[in-house]
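If you want the building blocks of each chain, they are given just below.
2 protein chains.
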Amino acid sequence: MTNPTAAMLVIGDEILTGRTRDANMHFLAGELTKHGIRLSEVRIVPDIHDRIVAALNALRADYDTVFTSGGIGPTHDDITADAVAAAFGVGIDVRADARAILQDYCDRMGRELNESRLRMARIPDGATLIDNPVSAAPGFTIGNVHVMAGVPSIFQAMVAGVLPTLTGGDPLLSQNLTVLRAEGDIADSLRTLAATFPDLSMGSYPFVRDGAYGTNVVIRGTDGARIDAAMADLAALFPEAVA
Amino acid sequence: MTNPTAAMLVIGDEILTGRTRDANMHFLAGELTKHGIRLSEVRIVPDIHDRIVAALNALRADYDTVFTSGGIGPTHDDITADAVAAAFGVGIDVRADARAILQDYCDRMGRELNESRLRMARIPDGATLIDNPVSAAPGFTIGNVHVMAGVPSIFQAMVAGVLPTLTGGDPLLSQNLTVLRAEGDIADSLRTLAATFPDLSMGSYPFVRDGAYGTNVVIRGTDGARIDAAMADLAALFPEAVA
Numbered sequence: 001m002t003n004p005t006a007a008m009l010v011i012g013d014e015i016l017t018g019r020t021r022d023a024n025m026h027f028l029a030g031e032l033t034k035h036g037i038r039l040s041e042v043r044i045v046p047d048i049h050d051r052i053v054a055a056l057n058a059l060r061a062d063y064d065t066v067f068t069s070g071g072i073g074p075t076h077d078d079i080t081a082d083a084v085a086a087a088f089g090v091g092i093d094v095r096a097d098a099r100a101i102l103q104d105y106c107d108r109m110g111r112e113l114n115e116s117r118l119r120m121a122r123i124p125d126g127a128t129l130i131d132n133p134v135s136a137a138p139g140f141t142i143g144n145v146h147v148m149a150g151v152p153s154i155f156q157a158m159v160a161g162v163l164p165t166l167t168g169g170d171p172l173l174s175q176n177l178t179v180l181r182a183e184g185d186i187a188d189s190l191r192t193l194a195a196t197f198p199d200l201s202m203g204s205y206p207f208v209r210d211g212a213y214g215t216n217v218v219i220r221g222t223d224g225a226r227i228d229a230a231m232a233d234l235a236a237l238f239p240e241a242v243a
Numbered sequence: 001m002t003n004p005t006a007a008m009l010v011i012g013d014e015i016l017t018g019r020t021r022d023a024n025m026h027f028l029a030g031e032l033t034k035h036g037i038r039l040s041e042v043r044i045v046p047d048i049h050d051r052i053v054a055a056l057n058a059l060r061a062d063y064d065t066v067f068t069s070g071g072i073g074p075t076h077d078d079i080t081a082d083a084v085a086a087a088f089g090v091g092i093d094v095r096a097d098a099r100a101i102l103q104d105y106c107d108r109m110g111r112e113l114n115e116s117r118l119r120m121a122r123i124p125d126g127a128t129l130i131d132n133p134v135s136a137a138p139g140f141t142i143g144n145v146h147v148m149a150g151v152p153s154i155f156q157a158m159v160a161g162v163l164p165t166l167t168g169g170d171p172l173l174s175q176n177l178t179v180l181r182a183e184g185d186i187a188d189s190l191r192t193l194a195a196t197f198p199d200l201s202m203g204s205y206p207f208v209r210d211g212a213y214g215t216n217v218v219i220r221g222t223d224g225a226r227i228d229a230a231m232a233d234l235a236a237l238f239p240e241a242v243a
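Quick note, the sequences are listed as chains U and Z, same order.
Position 55, counted from 1, in the first sequence is what UniProt numbering calls 55; the numbers after and before it change by one each time, with no gaps.
Position 35, counted from 1, in the second sequence is what UniProt numbering calls 35; the numbers after and before it change by one each time, with no gaps.
Derived from the structure by calculation, the hints contain no laboratory data.
It is possible that part of the hints are untrue.
[Stated by the list, open to error] Covered, in the sense of this in silico footprint (three residues per stretch, anywhere, with C-beta under 8 angstroms from a C-beta of chain Z), are these stretches of chain U:
# : region
1 : 74–83
2 : 196–203
[What the hints assert, rightly or not] For the chain U half of the interface with chain Z, some residues (derived, Cβ under 7 angstroms), not all of them:
#  : residue
3  : Asp13
4  : Leu16
5  : Thr17
6  : Arg21
7  : Gly30
8  : Thr33
9  : Leu39
10 : Arg43
11 : Arg117
12 : Glu183
13 : Gly184
Just so it is clear, CB atoms sit at the ideal spot from N, CA and C, and this is done for glycine as well.
Only chain U is shown next, with the shape it has when bound in the complex (with noise of 0.2 angstroms):
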């Protein structure tokens, strides 16, 4: 269990309103996953500075990598950029070069370059650019920290950006079987095989379909061959299960 480490930070009033269901956790969890990169922690605060950069600052100490989603944008709720710097201490003001992106999409759409445009070319001290291929205005790592839009066509492209630049570990991987029994009736069973695999981790998952009781078992790890094993036991114990 060397895999290295992330957390997100999600950021904005809606979700915690209720108003929007947050995409890019549930996106960003399979990619980490692919790569070999454990997501260990999730945290989602309002748009309030002193939160964001007590989240920040709890978050970037304790995980390898740290990446946060929304308040990014041109409006005054988008306070993420000065949290970030205020969680660095160091200052922040418009730079030249994400600036210099900000004016060429101007350009080509034929927009103003505005003062709440500018405010997105605020980028903290130290910190280099995040390419964001749909609507231009950047993302900027510092430190262990990547932050990104919030829309998520454009959280999406970031992480693809963002994602090869980071040191991956052994893909974490994962096989289901479906039980076509009711999970109270295979947990002693269960229990049993997952002490026999210490290396691995087993997750057990009901649901009702059809007025019938199943569950989902899934075995994780990230030897391929034990992963293997384990299903193998477990098919012999369950072998009415639908794999």
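Dock chain Z against chain U, hints included.
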């Protein structure tokens, strides 16, 4: 802004690995908002005892109420009840009333109340049970913490049972105006408007639809008349807007 505050703790490897997209957070956020309770933070942690204990103790100290989701089933990876007992420093054991509920359900379903299922009757000392009208196995309330199942249908039923027992605040109201202009074009006006209504919160959420740029502006608060006034000013700023 004197509404009661709440936090949510989502427990489960399946969320952090990307296997499952959490649905409970979005549901709870909407229900709390209607009830006048401000969801102020969400954390998602894996099925690791110490991580659950630490997160729960942090959240229950900081917020009026905490809701947890996940990890109270019959299998070896269901460790939430024990972690909650540890966080509160109390004992935990099979309790007669919870056992009776499970026995009755098993009798009706023709199932055996085996050792694994009996784990679901383990309740921390001093807790009260939360009814589970879906599959019997109860949740529980201890102190300001409500411990609920992760299966969405059960989670939702438990929230419906718990919410009426909580002191709500003034309902958190919101109105939305869809402005068919790019966020950067309206941000200056919006900032000025927000400054004249410091008692309200204004969020702006950009979108692209059929190649056209637009922004949803959401105004939130507890005073409906103030929101009406701000919405009237907003509509006057952008007469082409679609409500």
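So, going through the hints one by one against the coordinates:
no. : hint    : result
1   : 74–83   : holds (count 4)
2   : 196–203 : holds (count 3)
3   : Asp13   : 6 angstroms, holds
4   : Leu16   : 5 angstroms, holds
5   : Thr17   : 5 angstroms, holds
6   : Arg21   : 4 angstroms, holds
7   : Gly30   : 3 angstroms, holds
8   : Thr33   : 5 angstroms, holds
9   : Leu39   : 5 angstroms, holds
10  : Arg43   : 5 angstroms, holds
11  : Arg117  : 4 angstroms, holds
12  : Glu183  : 6 angstroms, holds
13  : Gly184  : 4 angstroms, holds
Comparing the model with each numbered hint stated earlier shows that all of them hold.
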